[in-house]
Each structure stands twice: as C-alpha cells, then as structure tokens.
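Peer 1: Listed here are the chains, written in short residue letters.
2 protein chains.
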Amino acid sequence: EKRPKKDYSFSNRGKTLEDEINETNDYYMQQGTAVIHKKPVPIQVVKVEYPSRSAAVIKEAYYRTASTTDFNGVWQGLHVDFEAKETKNKTSFPLKNIHAHQIDHMRLVTQQKGLTFLIVRFSLINRYFVLPYSPLQDAWDEMCKGGRKSIPFEFFEQNAFEIVPGAYPPIDYLRGVTKMLSEESAKQ
Amino acid sequence: EKRPKKDYSFSNRGKTLEDEINETNDYYMQQGTAVIHKKPVPIQVVKVEYPSRSAAVIKEAYYRTASTTDFNGVWQGLHVDFEAKETKNKTSFPLKNIHAHQIDHMRLVTQQKGLTFLIVRFSLINRYFVLPYSPLQDAWDEMCKGGRKSIPFEFFEQNAFEIVPGAYPPIDYLRGVTKMLSEESAKQ
Ligand SMILES: [Mg+2]
Ligand SMILES: [Mg+2]
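So the sequences go chain by chain: A and B.
In the numbering used here, each number is its position in the first sequence, counted from 1, plus 15.
In the numbering used here, each number is its position in the second sequence, counted from 1, plus 15.
No wet-lab data here; the hints were simulated from the structure.
Be aware that a few hints might be false.
Copies of the same chain look alike in the list, so a pair counts if it fits in one copy or across any two.
[As the list claims (entries may be wrong)] Below, in silico cross-link-like pairs of lysine-lysine (DSS-like), each with a Cα-Cα straight-line distance of 27 Å or less:
{"no.": "1", "residue 1": "Lys54", "residue 2": "Lys100"}
{"no.": "2", "residue 1": "Lys202", "residue 2": "Lys30"}
{"no.": "3", "residue 1": "Lys54", "residue 2": "Lys194"}
{"no.": "4", "residue 1": "Lys74", "residue 2": "Lys160"}
{"no.": "5", "residue 1": "Lys160", "residue 2": "Lys103"}
Please take these sequences and the hints and turn them into a complete structure.
Peer 2: Structure, rendered in structure tokens:
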C-alpha cells in the first residue's frame, strides 16, 4: 500500500519546487528531524573588483553545470542526497531534465550506502513523487539502449512514493522516503 | 597511541589546503572509498545578461557567507561533514577562522549522527590535524565565556589526530577520522 490518501487542497501557489523543499528542510531542521540543505549553484568567477571600504564585486562570471545533485544532508544517521525536478508535462517526465553525471553521482552515493532519489513535481496536476534511485537507473539505462526518453506517469504511480502536499511543511518528502525504506526492507 | 610516525618529506609545494583535500577526495572516489565534495561558494547574483547565441553572463554578484561547512559526502554509510582551515600561525589556531553558524551547523549534524570535524593545516610547519567536533566545541564555548580566542598547538597534539602528508593522496584525512572513531568506540 504505497498510495497515500490524497488531499490536493494545498496548491503550490506559484512557489517553485525548490522553494517548497527549502521550506520543508527548514521545518525538518526546526523539528530536529534532519539537516538537509540546497547546495549553492556552482559559478565560475572570471573578474572581481575590490572597491575600497566595501565588499568585493564580481563583474564577470558564468554558471557551471552541477556535477552532483542539488540537495544533501543527514537524517538520523543516514546520508541523504537527491535531485528535485518539476515538469509541466502531465503524462511523463522527460529524462533530458537529468544529466548523465548526476546519475553517475547517484550510483556512487548508493555504493557508499547513502540514500539517493529523485523528487518530481508534476506542476500542472500538483502531484509529487519520490522516485528511488534503482527504477530511475533502470529507466535511464533503457533510454541509453535506445528506449524511451521519458518516464511515463504510470511508472511513477507504480514505482515511486507519492508525497501529499500540505501547508507546513509544504512537501514532507521524508515520509515518502520512510515508505521507500520500509518497502525495501520488507523485500529483503 | 594517536601520534603516527612522521615523515615530512612531502611538502605541500604551494598548494592550498583546499586543493590538497580536493585531490584526496578524487583519490577516494577513484578507489571507491568515499564520495565527498567541496560545496560551491555561495554567490548572490544581482545582474545577468543573456547575449544571443551564447551563455548567460553574470555582470554583478557578491560573495555570501557560507552557512554550513565546506565539504560533505558519504563514506561507507556515514555522513561526513567538515570544514578545512589553514593558518600561518605556528603556536595556535585563531578561532576567528571559524564562524558561529558553522559551529551551529556542526552541532546539528552531530545530533543527526553525522560525522563532523575540522581539518587544520599549520602551513609553515607542514603539519595537519583532524580535530573532532567535541573538543572544538569545548574550545569555542571557552572563548564565548571570555576565555582564549585561539586553540594552542599542544591542544591539537593532545586532542586531534595528526595526518601525515603523502604524495597521493596528499592528505589521507579519513585515516585520521578512522583513528578518531576507534578511539571514541574504545571509550564507550
Ligand atoms: Mg539541479
Ligand atoms: Mg570555509
């Protein structure tokens, strides 16, 4: 029974998924549940000026591609590491939203016994899922072998753990991760 | 017996401590030992230009103070989270190198059963130490109560785990952390 009761009365009210996760992480920190942060965006600084008596000003810089995932931290002894993506697509999640080096990173984290997953928001229908690394890797490998370039919505319903949005925290994703862990341990 | 045999034949050859840790982390990744990364420097972007047919250029941005530590990752199921600092001082480590919010972060990580510590390089004498969170917190609390604003070198010799620099990896700090863990478990 991995499908929670649904209550979609809380809409995301125009917030980005990143905002919702940051607010949820603040809540987890206040409650003493977990310490999880968004990593800063990697930026290549080319030119800096140092005006006297004031802060250094970066005058030329470029965004770099992230080589890892967006969020990580620690949750009651577990290393947690995940990527979060939203899509306006209603029927599938396009895999072009994920980079090969992020999949590589997730594989390495899994080998080190870290907990890694993908959070996907289907923004137009306001539904959220925690997709474990293993089915994500399967879908990725399929694509690399010439298979489909997106993950169907039904695949999420079958292989992912739905997060029901709320007021505060906006998306209690660790509840989905808890279900994922108990299902994994039941399988063993 | 926490003092290793010393061999100071490997100097840092002008590399920064951050470079040495990054190289060590690359080595750990290649060996399958751990997946640990430097977090990007947090930058507040104010103005961006989008020239046609080329990458976005950041034209105005500022460095922000980091609210966490510099490095984190996962090592065989353990969440690892640390700050690294070098000093040219030979007799003590000035605590002004650490920010209050970094100590707060380390306390929270410890509460979540993450492994957190400080790596210090005394650059002029080429000696490196892994200082566990607990004695660091003690020294910090002392300072806050009006005590000394630096940690004496002898305190490192007594309470930290020395890392002997090498060719590759340049500083095998997980060896120091392993000693720290075995000493902690021996105490219990
Ligand atoms: Mg991302
Ligand atoms: Mg720092």
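Peer 1: Confirm or reject each hint.
Peer 2: Verification of the supplied hints:
1. Lys54 <-> Lys100: Close inside one copy (15 Å) and across copies (20 Å); limit 27 Å.
2. Lys202 <-> Lys30: Result: close neither inside a copy nor across copies, 37 Å intra and 49 Å inter.
3. Lys54 <-> Lys194: within (25 Å within a copy, 30 Å between copies)
4. Lys74 <-> Lys160: neither (44 Å within a copy, 42 Å between copies)
5. Lys160 <-> Lys103: within (26 Å within a copy, 54 Å between copies)
The structure is inconsistent with the numbered hints 2, 4, although it conforms to all the rest.
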